[in-house]
Amino acid sequence: MLSLYRPGDGRLHRMPAGPKTILVLALVLGVSLLPSSWWGAGVAASLTVVAYALAGLGDGMLGMRELGRQALLLRWVLAITLVSQLVFLGPEPAVANTARVAAAVVLSALLVLTTQVTALLDALERGMRPLERVRLDPQLAALMLTVTLTTIPVLARLARDVRDAQRARGARGSLRAFTVPFIVLASKHAFELGDALTARGVR
Numbered sequence: 001m002l003s004l005y006r007p008g009d010g011r012l013h014r015m016p017a018g019p020k021t022i023l024v025l026a027l028v029l030g031v032s033l034l035p036s037s038w039w040g041a042g043v044a045a046s047l048t049v050v051a052y053a054l055a056g057l058g059d060g061m062l063g064m065r066e067l068g069r070q071a072l073l074l075r076w077v078l079a080i081t082l083v084s085q086l087v088f089l090g091p092e093p094a095v096a097n098t099a100r101v102a103a104a105v106v107l108s109a110l111l112v113l114t115t116q117v118t119a120l121l122d123a124l125e126r127g128m129r130p131l132e133r134v135r136l137d138p139q140l141a142a143l144m145l146t147v148t149l150t151t152i153p154v155l156a157r158l159a160r161d162v163r164d165a166q167r168a169r170g171a172r173g174s175l176r177a178f179t180v181p182f183i184v185l186a187s188k189h190a191f192e193l194g195d196a197l198t199a200r201g202v203r
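If you count the sequence shown from 1, position 108 lands on 108 in the UniProt record's numbering, and the numbers rise without skipping.
Treat the hints loosely; a few may be bogus.
Stated by the list, open to error - Cut-off 20 Å, straight-line C-alpha distance, at most; resulting in silico cross-link-like pairs (SDA-like, lysine to any residue):
#, residue 1, residue 2
1, LYS188, PHE178
2, LYS188, GLY170
3, LYS188, GLN166
4, LYS188, VAL77
5, LYS188, ASP164
6, LYS188, ASP161
7, LYS188, ARG163
8, LYS188, LEU155
9, LYS188, ARG157
10, LYS188, ALA165
11, LYS188, ARG160
Said to hold, decoys possible - Have a look at the derived ranges for each label pair, beta carbon to beta carbon:
#, residue 1, residue 2, range
12, ALA119, GLU92, 15 to 21 Å
13, GLY42, THR179, 25 to 31 Å
14, ARG69, ARG133, 23 to 29 Å
By construction, these hints were calculated from the structure, which means they are not laboratory data.
All residues carry an ideal CB built from backbone N, CA and C; glycine is no exception.
Build out the structure end to end from the sequences listed, making use of the hints.
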């Protein structure tokens, strides 16, 4: 399972996995509930910058270098989101929705950047134990949530690989030429992940 974890001793690194998960999820939920307006886009961007600045990632630039790296990895996914929404919704909601998606994804990355996968799994499993009363396996649910969080960087990496392959072939950077191979690779990854989970007894 791919992990973005980077060792460090910043504020988020020192925070226990459980409270940290709740904090990050609250930030993501707050960003997701912002209105589709210009000021909503501004709040989403500002909140993300402040969160990375306060995280203590130790990148020498108050977290801005890591924030830029995360945004760069998502550039083609965000481009697809922006263009598709421009066509159907118009400029203001398209920009606002894309900003909210970008903020939610890079804020989620803070959790996996500063938390080891095993610690995250343990925290999620403890938090979901009350769900045993409704016959939901907390271990399985925690695994599914962790897989979801760690799949985000995989998609970003696939987007980067597709673009690098296009550059190596000298292909023009059209959206259509990017979208088709990206969808094929993402689908291949989804099937492989499903097979791997099935082989481990997860159904």
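Against the structure, the hints:
no., hint, verdict
1, LYS188 with PHE178, "holds, 16 Å"
2, LYS188 with GLY170, "violated, 25 Å"
3, LYS188 with GLN166, "holds, 19 Å"
4, LYS188 with VAL77, "holds, 17 Å"
5, LYS188 with ASP164, "holds, 19 Å"
6, LYS188 with ASP161, "holds, 14 Å"
7, LYS188 with ARG163, "holds, 17 Å"
8, LYS188 with LEU155, "holds, 11 Å"
9, LYS188 with ARG157, "holds, 14 Å"
10, LYS188 with ALA165, "holds, 17 Å"
11, LYS188 with ARG160, "holds, 16 Å"
12, ALA119 with GLU92: 15 to 21 Å, "violated, 40 Å"
13, GLY42 with THR179: 25 to 31 Å, "holds, 29 Å"
14, ARG69 with ARG133: 23 to 29 Å, "violated, 42 Å"
In summary, the structure is inconsistent with hints 2, 12 and 14 from the numbered list given earlier, while agreeing with the others.
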